[in-house]
Each structure stands twice: as C-alpha cells, then as structure tokens.
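Protein chains in written order, with the working numbering: chain A, 176 to 440; chain B, 4 to 186.
Take these hints with a grain of salt, some might be off.
What the hints assert, rightly or not - Quick list of in silico lysine-lysine cross-link-like pairs, DSS-like style, CA-CA up to 30 angstroms:
#, chain 1, residue 1, chain 2, residue 2
1, A, Lys383, A, Lys420
2, B, Lys94, A, Lys209
3, A, Lys258, B, Lys172
4, B, Lys172, B, Lys107
5, A, Lys227, A, Lys252
6, B, Lys105, A, Lys420
7, B, Lys172, A, Lys252
8, B, Lys94, B, Lys172
9, A, Lys325, A, Lys212
10, A, Lys212, B, Lys94
11, A, Lys383, A, Lys355
12, A, Lys288, B, Lys94
13, A, Lys357, A, Lys383
14, A, Lys384, A, Lys325
15, B, Lys172, A, Lys256
16, A, Lys209, B, Lys7
17, A, Lys252, A, Lys420
18, B, Lys124, A, Lys420
19, B, Lys7, B, Lys32
20, A, Lys355, A, Lys288
21, A, Lys212, B, Lys107
22, B, Lys124, A, Lys209
23, A, Lys355, A, Lys227
24, B, Lys172, A, Lys209
25, B, Lys94, B, Lys32
Claimed, not checked - Residues from chain B that face chain A, not an exhaustive set, calculated with beta carbons under 10 angstroms:
#, residue
26, Gly98
27, Asp110
28, Arg128
29, Leu131
30, Gly146
31, Asn167
32, Gln171
Don't read these hints as lab results, they were simulated from the structure. Glycine is no exception: its CB is placed at the ideal position from the N, C-alpha and C atoms.
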Amino acid sequence: MIKIRLFDYFLFLTILFIVSCGRFIYSPYMSNIKDVKLNGLNILSIHERESKFNNNYSIAVISDSHNYYRDLELQIKYINKNKEKIAFVVHTGDATDLGLLVEWEMFYNIIQKLEVPIVMVIGNHDLLTNGLEIYQQLFGYHLDFSFVFKGSNFVFINNNNWESTGDVPDIDYINDELRKTKANSILFSHVSLSDLDRFTKSEVETTKKLIIQNNVGYVINGHDHNHNTASFGNAIQLTTGASVKGYILMIHIERNNIEHDFIRI
Amino acid sequence: MNLKFFLKKIILLCFMIFKNITYSASYFKIQHAGEIGYYSLGLSHNFNYVYSLEIFHGIVPAYMNQRAIETVSIKNNFNMFIFTKERTLNKIYSGISFYHVKGKRYDPNTSTTAPNNYYRKGSIRAQLYLGVSTMITGRSSHGLYFESGVNDIVLINYVNNLQNIEIQKYTFLAVGYCFYLNL
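The following block holds chain A by itself, in its conformation from the complex (with noise of 0.2 angstroms):
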C-alpha cells in the first residue's frame, strides 16, 4: 500500500497549482499575435451590413482606452445595445500604454465581445515597442486606408509623426482619397491636425488647405482625453476622448447631413 504523507500531499498540491495556471511566456516584448487583419476583415462585415442600413444610420467613435478596461467594455455593452442603429465603430487609437503584447492582447479580448466590425486607426502609445507590428498583425498592414459606406467617404490615417518613420502624415494619400469623392468626407486621425506641439504652422495649413479644398464636414481625432468640439478649415473637428472619461462619440447620417453628439454611458 503506498502511504501519502501530508508533506507529500502539500508538495504534490503546491507544483499542481502553480503548473495549472499560467503558460510558458518567453517574454511581454515578443510581436506574434494572432495574424486576423480585424481591419480589412471588418470593412468587409461592412460592406456586408451595407444593406441593413437605409440612409440614416450612426458610427460609434471610441478612442484611449489604453488600461481602461472596465470603462472599454462598459462602452461595448452600449454599442451592443444599440446595435441595429450603429454601422460600425471607430477607435481613433492608443488602445495600449507601451504597445506591449500583453495590452493588445486584453484589447483584442475585450473588443471581441463586440458586435459590431470595428476598424482602428493607430495612435502614438500603440506605436512603442513593437506596437507597429503587433498591430500590422492583428488589424492591418496599411496604417492609412479608407472604404466608402453609403456613398460617404472614410478616411483613416497615421499622423503619429514622432513615432513613425518617413512621411506622417502622408499629405498626398490623404489628397488622392478625400478626391476620390464629392460625397460626405470623414477623416479619422489619432493625433489633432492642428497639434502645434507635433506639426509646424505651415503643415497644420497645408492639411487646412487640403480640408477645404476637398470639402470635409468632420475631422475626427483622437489623442487628447477630454472631448471637445472645435473647427478645422470648413470641417467640425471632434476630439472623442479616452474611455475612462465615460463618453461615446456619435456621429449620426442622413444622406448629406451628418450630426454628432457625445453620449454619457
């Protein structure tokens, strides 16, 4: 017969519980996530939902939800909610605080409770470390892109300057897709284009120019995390503000007449 001793017991419990929870983890600074593309993925879903909608229907802004997550999945129960009126959800950025594996992983977690597609522009934290590539992964490659919903324009870019290299924001993408149409133009940023700290006056007037020129009703940014509303050239600029601060940003569509408001959840 064996005897287990109560130090056996102990010993046995304890490698038990520490080897059941947990998985080997090499380090927090390694880039491989799942390989999803949530953006190009979800401008399809889109697409696809582009007939439940007649022309009245609502976008979701989220943005800085960084380690708010309580704050975050509070604003998914809302979205949820609502649905059957909401076309899809933005978040303008900084879903992390160093761009780490970790934190993109507690986001991913969190927005796949959504139910609607959501597309991300990417924001400056998410843009430390190995951001960029964890990012290129799970939501897309391209860090500027733009689809049209209904006959309006979205336009999404990477104007985090001091954390990319090359052009940021690249002025002439920006030109050729605002063209692309002379509908309801929206332009989705991380960083406010009038951020004087982070652009000089002549880029924050040659992107001006390039808002009027081309007939943009709203800039949408992201970045500073109390929300507010200014103007930009002819456009509406709307700043979405982070999660912790309780408000979703809704913009509403009516064939040419686009509304917004700040919903406290």
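Based on these hints, arrange chain B on the given structure of chain A.
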C-alpha cells in the same frame, strides 16, 4: 546615469559577493520561459535560509519572434517553507524580480523623436511570482524548479479592472534546472 554602466556595476558587485561569501551555496541555473527569455542562464546565491539573489541573462532567439530579445534580470527569492525529506531539499518560495530588455526600440524616449521624458521608461519590468523547487542534496547537488507569476502591467491592469481581466490568461510559467557550484 547610463543604464548599461549601472547594470554592469551591479553584476560585478554581485559576482564579488558570490566570491567572498562562501559559507552558503551558490547555484548555476538554466531557465525556460518566465518572461525573461526562451532560455536564460543565471547564477544564484543563498545569503541565508530566507533570501537568495539571482542574476539571469535570457534570450528569445530571432526565429521565435520577429527579432531576438535579450533580457538581463535580477531575481530576489524569499523562502516561505523549507522541507527536507530523505536526500531532497524542498522549498516553496515567493519572489520579486526586475528585468531590463536590451535595445533602443524598447525605450520610447530614444526610439521616438518625442521630447525627453514624454514617455515613461518602457524597457524595465517587475514580476511577482511563486515558486517551488526540489533539490537532491549530497556531493553533487542539483534539482528542478517551477515558477508562476505576473508582471507589473498585468498586476496593475488586473487591480484596476478586477471584473474585466482574467489574470490566469496572462500568468507566466517558468521551469528550470539548477546545480550546485563549489565557488
């Protein structure tokens, strides 16, 4: 102060301590995972029955990631229970460790053109962990250990979002082998 210079000084100091204090055991360790590399090599010194200090150098090879990751870590182990049974010495311990990931890209203040101190230090992480080790004692003493823990980011995010973060999904495991060095 230059971080590289500071780390070199710490490592040198620790080696001097290892060399001069010979009354207690020192071990060579090989560890797999535990957030400090796919494999890492280290030295451990028991200062007394409660406290031991370990220094590790770990690597995640480039073929496992998009680029190699090199980590230097300092682990502080605190024994909670020690049992001896026949020729084995068994310990259950907790620990706190700090590690630094080498490379410019892991420090946001040098990898971006943002103004100085715009971002907080990104290359240094802390860990809290629980471990269990079993050593065969005798002329050649060697053994195995398991560790499980979380890093500072997981812990802070968990505390701030108790209902939304399942901590077990982000808990790391480590397994290692150690043998006695007669320094």
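Quick rundown of the hints versus the structure:
Among the hinted pairs, lysine 383 of chain A with lysine 420 of chain A is consistent with the structure: their alpha-carbon atoms are about 29 angstroms apart, no more than 30 angstroms. This hinted pair does not check out: lysine 94 of chain B and lysine 209 of chain A have alpha carbons roughly 38 angstroms apart, beyond 30 angstroms. Taking the CA atoms of lysine 258 of chain A and lysine 172 of chain B, the gap is near 29 angstroms; set against the 30 angstroms cutoff, the hint holds. Taking the CA atoms of lysine 172 of chain B and lysine 107 of chain B, the gap is near 29 angstroms; set against the 30 angstroms cutoff, the hint holds.
A threshold of 30 angstroms between alpha carbons decides the hint, and for lysine 227 of chain A with lysine 252 of chain A the separation of about 21 angstroms falls inside it, so the pair holds. For the hint pairing lysine 105 of chain B with lysine 420 of chain A, the CA-to-CA distance comes to about 36 angstroms; that exceeds 30 angstroms, so the pair is violated. A C-alpha spacing of about 22 angstroms is found between lysine 172 of chain B and lysine 252 of chain A, which places the hinted pair at or below 30 angstroms, so the restraint holds. About 26 angstroms separates the Cα atoms of lysine 94 of chain B and lysine 172 of chain B, which keeps this hinted pair within 30 angstroms; it holds.
Distance check on the hinted pair: lysine 325 of chain A and lysine 212 of chain A sit about 23 angstroms apart at the alpha-carbon level, within 30 angstroms; holds. As the CA atoms of lysine 212 of chain A and lysine 94 of chain B are separated by approximately 46 angstroms, the hinted pair breaks the 30 angstroms bound. Taken as a hint, the lysine 383 of chain A and lysine 355 of chain A pair is honoured in the structure, with Cα atoms around 18 angstroms apart against an allowance of 30 angstroms. Using a Cα cut-off of 30 angstroms, the hinted pair lysine 288 of chain A and lysine 94 of chain B is violated, with the two alpha carbons roughly 42 angstroms apart.
Annotation: proposed proximity of lysine 357 of chain A to lysine 383 of chain A holds, straight-line Cα distance about 17 angstroms (limit 30 angstroms). Under the criterion of a C-alpha separation no larger than 30 angstroms, the hint pairing lysine 384 of chain A with lysine 325 of chain A is consistent with the structure, at around 26 angstroms. Between lysine 172 of chain B and lysine 256 of chain A the CA atoms are separated by roughly 27 angstroms; this keeps the pair inside 30 angstroms, and the hint holds. Pair hint lysine 209 of chain A plus lysine 7 of chain B does not hold up; C-alpha atoms about 34 angstroms apart against a cutoff of 30 angstroms.
For the proposed pair lysine 252 of chain A and lysine 420 of chain A, the alpha carbon gap of about 16 angstroms is at most 30 angstroms, so the pair holds. Among the hinted pairs, lysine 124 of chain B with lysine 420 of chain A is consistent with the structure: their alpha-carbon atoms are about 25 angstroms apart, no more than 30 angstroms. Our distance criterion of 30 angstroms between C-alpha atoms is met by lysine 7 of chain B and lysine 32 of chain B, whose separation comes to about 23 angstroms. For a cut-off of 30 angstroms, the pair hint linking lysine 355 of chain A to lysine 288 of chain A is broken: about 34 angstroms separates their Cα positions.
About 27 angstroms separates the Cα atoms of lysine 212 of chain A and lysine 107 of chain B, which keeps this hinted pair within 30 angstroms; it holds. Restraint check for lysine 124 of chain B and lysine 209 of chain A: satisfied, since their Cα atoms lie roughly 27 angstroms apart, inside the 30 angstroms limit. Restraint check for lysine 355 of chain A and lysine 227 of chain A: satisfied, since their Cα atoms lie roughly 25 angstroms apart, inside the 30 angstroms limit. For the proposed pair lysine 172 of chain B and lysine 209 of chain A, the alpha carbon gap of about 15 angstroms is at most 30 angstroms, so the pair holds.
A threshold of 30 angstroms between alpha carbons decides the hint, and for lysine 94 of chain B with lysine 32 of chain B the separation of about 16 angstroms falls inside it, so the pair holds. Below 10 angstroms, beta-carbon pairs count as interface contacts, and glycine 98 of chain B has none with chain A, the closest being about 12 angstroms; its hint is therefore violated. Interface hint at aspartate 110 of chain B: satisfied, since its Cβ lies 9 angstroms from the closest Cβ of chain A, which is below the 10 angstroms cut-off. For arginine 128 of chain B, the suggested interface contact is upheld, since its CB lies about 7 angstroms from the closest CB of chain A, less than 10 angstroms.
The beta carbon of leucine 131 of chain B is not positioned within 10 angstroms of any beta carbon in chain A (closest approach about 13 angstroms), and the interface hint is therefore violated. With 10 angstroms as the threshold, the beta carbon of glycine 146 of chain B stays out of range of chain A, its nearest partner Cβ sitting at about 13 angstroms, so the hint is violated. With a cut of 10 angstroms, the hint placing asparagine 167 of chain B at the interface with chain A holds, because the nearest CB-to-CB distance is about 4 angstroms. A least Cβ separation of about 5 angstroms between glutamine 171 of chain B and chain A falls short of the 10 angstroms threshold, and the interface hint therefore holds.
The structure does not agree with the numbered hints 2, 6, 10, 12, 16, 20, 26, 29, 30 stated previously, though it agrees with the rest.
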